[in-house]
Amino acid sequence: MVKNINSRCFFISKTFVMLEEINGNNIFTYIENNDFWEYLEKPFESLVEEVYKILPKALLNHLKGNHNWHSPAFLHPFNENDKRPFCLYYDFRLNSKLCAPELFIKLNNEGIKIGFSIDKHSSDYGNIFYKNCELYQDELDYIFDKIKLKYHAIYNYSPEDNQPLHALKHFLKEANFDEFSGEITISKEKILQISFEQLIAQILEILQVLSSLFLLGIPNDTMQKIYNYLDINPIDTILELADYISYSKQNIEIWLRVIERKKQAIFYGSPGTGKTFIVEKVAKYLISGGDGFSELLQFHPAYSYEDFIQGIRPQSQDGNLTYPLVPGRFLEFCKKAESCQDTCVLIIDEINRANLVQVFGELMYLLEYREREIPLAGGNTFRIPKNVRIIGTMNTADRSIAQIDHALRRRFAFIELRPNYDVLIKYHLKTGFAVIDLIKILEQVNQAIADKNYEIGVSFFLTDNLRDDIEDI
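Anchor point for the sequence shown: position 41 equals 41 in the UniProt record's numbering, and the numbering is continuous, going up by one each time.
Calculated directly from the structure, the hints in this document are not laboratory data. Treat the hints loosely; a few may be bogus.
Claimed, not checked - Estimated spans, in silico, between C-beta atoms of each pair:
#, residue 1, residue 2, range
1, P385, N228, 20 to 30 Å
2, E205, L376, 47 to 57 Å
3, P314, P385, 27 to 37 Å
4, E205, I27, 26 to 36 Å
5, R313, E134, 53 to 63 Å
6, K284, S13, 45 to 55 Å
7, Y369, Q208, 28 to 38 Å
8, N251, K386, 22 to 32 Å
9, K57, E134, 22 to 32 Å
10, D472, Y369, 42 to 52 Å
11, E110, I374, 51 to 61 Å
12, A302, N251, 29 to 39 Å
13, P219, K284, 35 to 45 Å
14, E253, R409, 18 to 28 Å
What the hints assert, rightly or not - In silico lysine-lysine, DSBU-like type, Cα no more than 30 Å apart, as pairs:
#, residue 1, residue 2
15, K335, K281
16, K336, K225
17, K430, K281
18, K57, K336
19, K262, K386
20, K53, K190
21, K452, K284
22, K284, K131
Every residue, glycine too, gets a C-beta built ideally from N, C-alpha and C.
Assemble the whole structure, with the sequences as input and the hints as a guide.
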C-alpha cells in the first residue's frame, strides 16, 4: 500500500484505494458517498482549476469558450468487456465539437495522466494537424530538441491498433495515421511524494510539450503561435540570412565560427557598408530557435564605466537625495541573460567612439576568461554568462583598428566589411533603377581614394527614389 508522504499534496493514499475499489463495481454507489467528493472529486477539481488559472494566455485564447471553466467528468467502463479503469476526466478542447483536438487530464488508480488526441478524419482540424506535421518537420524537430523533450516515446497511433509506442519525432515525420493520441503518466507513488506546487509545475511542463501539438491543429500562422507559446524565437537558416544580407553562405559561416570561438567580435568598415544592419541580422540568426534575446546600445565619447558596468547615481526618494549603486546596461543585460538557456547577443554600435579601456574596466579580464568571476568596484562579484555574445560595429573613418588598444584587439575578433555592390543590384531590382553605371563610378571613386577606411559604401544609395535623391547624396 502506498503511503501518503507529503501532507501538502492534493491527494492522499485513500484517493487511490477508492479508485481501485471503484473498478469493477457500480460507480453510482460510490458517487452518492461523501468520501467520493472529499477524496476524489473535490481534490481533482481543485487541481485542474489551479492548472487552468496559470495556463498561458497564448493557449487559453484557443480553448473552447476561451477562459470559461467547466466541471470535470467521470469516465467509466460501459460494459463488462471494457477494460478501461474508472477515471475523473477534464478536457481542454479547441471548441465544443467532439472532433476538435483536445488536451486532457485524468485521474485513475494508476495516477494522473496528461494527454493529447486528434482524429485525422473527423474534422478539418485533423487534416490541418497532419499537413502541418509534414510542412514543418525540420522546425518541429528543432523545437522539441530545444524544449528538451523528455517524453519522446509516449505516443501510440490508435488505441485499437496495438502498435508499440513510437518516438514523437518519428511519428511527426510519417504523420499518416488515422488517430494521434497518447498520454504521459505521473504515477501515484510520485504524486504522494511531492507537494501540490511541484505537481502543478510538472503538469505544466508536460502541457508545454503537448500544447505545441495542440496548436498544430490550428490554421494560419501555426508555427508563430507555437513560437509565441513556447516563448522561443523563430528559426532562421544560414541560407535565409545569406539571401537577406547578400553575402555568401561561406562568408557567413566563417563569421559565425569566429564569433563562437571568441565570444565577442567587431564588424568594421567604412561608412555605408551596412555594419549595423548586418550585425542586427546576424544577432537575429544567433538567437533564432532559442529563448535568448538581443539588445542594442550605442557608445559615444561621454559613455562611461558607470553607464556600462555600475556606478553611483543620485536619486530622489521621499524628498531626500540618495546615492545608490546602480547597475549599468551590461550588468542588467547579463542578469537577464542568466535566465535564458540559449544565446543572448549584446550589440554595441559605434563601439570605437567611447574610451573602451575606461568603459570596460574589469570586464577586460572577463572577456578573455569567460569561466571566471571577479569582484567589481562596488564590492559584488560578477561573471559573464556563457550564453552571452558581444558584437560591436566600428566606423573606420573615425578610427582605424591600429588605434585600438592592443589588449582589446586580442579579446575581440575583427570582421571586415567592404562595399558590397550586390546589395545595390538586388535592392534596385524592385525600383527599376539601372545601377550598373553607378557601381562603375563608385568603384572608380573608391579606387581613387585608395584607402579602404574611407571608401564610399552602398547604403547611401538604397532609396526607392534614387533617381531624384542622387544629387543630394
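* Asked: Does the alpha-carbon distance linking K430 and K281 stay inside the 30 Å limit?
  -> 21 Å, holds
* Asked: Quick one, are K336 and K225 close enough, alpha carbons at most 30 Å?
  -> Roughly 24 Å between the alpha carbons, so the hint for K336 and K225 holds.
* Determine whether the Cβ-Cβ distance between P385 and N228 falls within the hinted range of 20 to 30 Å. => 25 Å Cβ-Cβ, so the 20 to 30 Å window holds.
* Between K262 and K386, is the straight-line Cα distance small enough, at 30 Å or below? -> Cα-Cα ~12 Å, so holds.
* Asked: Between P219 and K284, is the Cβ distance one that fits in 35 to 45 Å?
  -> 27 Å, violated
* Asked: Lying within 22 to 32 Å: is that true of the beta-carbon distance K57 to E134?
  -> 29 Å, holds
* Asked: Could one say that the CB atoms of N251 and K386 fall in the range 22 to 32 Å?
  -> 26 Å, holds
* Given pair status - K281, K335, alpha carbons within 30 Å -> It holds: about 23 Å lies between the C-alpha atoms, which stays within 30 Å.
* Asked: Holds or violated: K53 with K190, Cα cutoff 30 Å?
  -> 23 Å, holds
* Going straight from one Cα to the other, do K57 and K336 come out at no more than 30 Å? -> 23 Å, holds
* Between Y369 and Q208, is the Cβ distance one that fits in 28 to 38 Å? -> With Cβ atoms ~36 Å apart, the hint holds.
* Given the hint of 45 to 55 Å, check if K284 and S13 actually sit that far apart at their C-beta atoms. => 53 Å, holds
Going down the numbered hints, you'll see the structure goes against 2 and 13, while the others check out.
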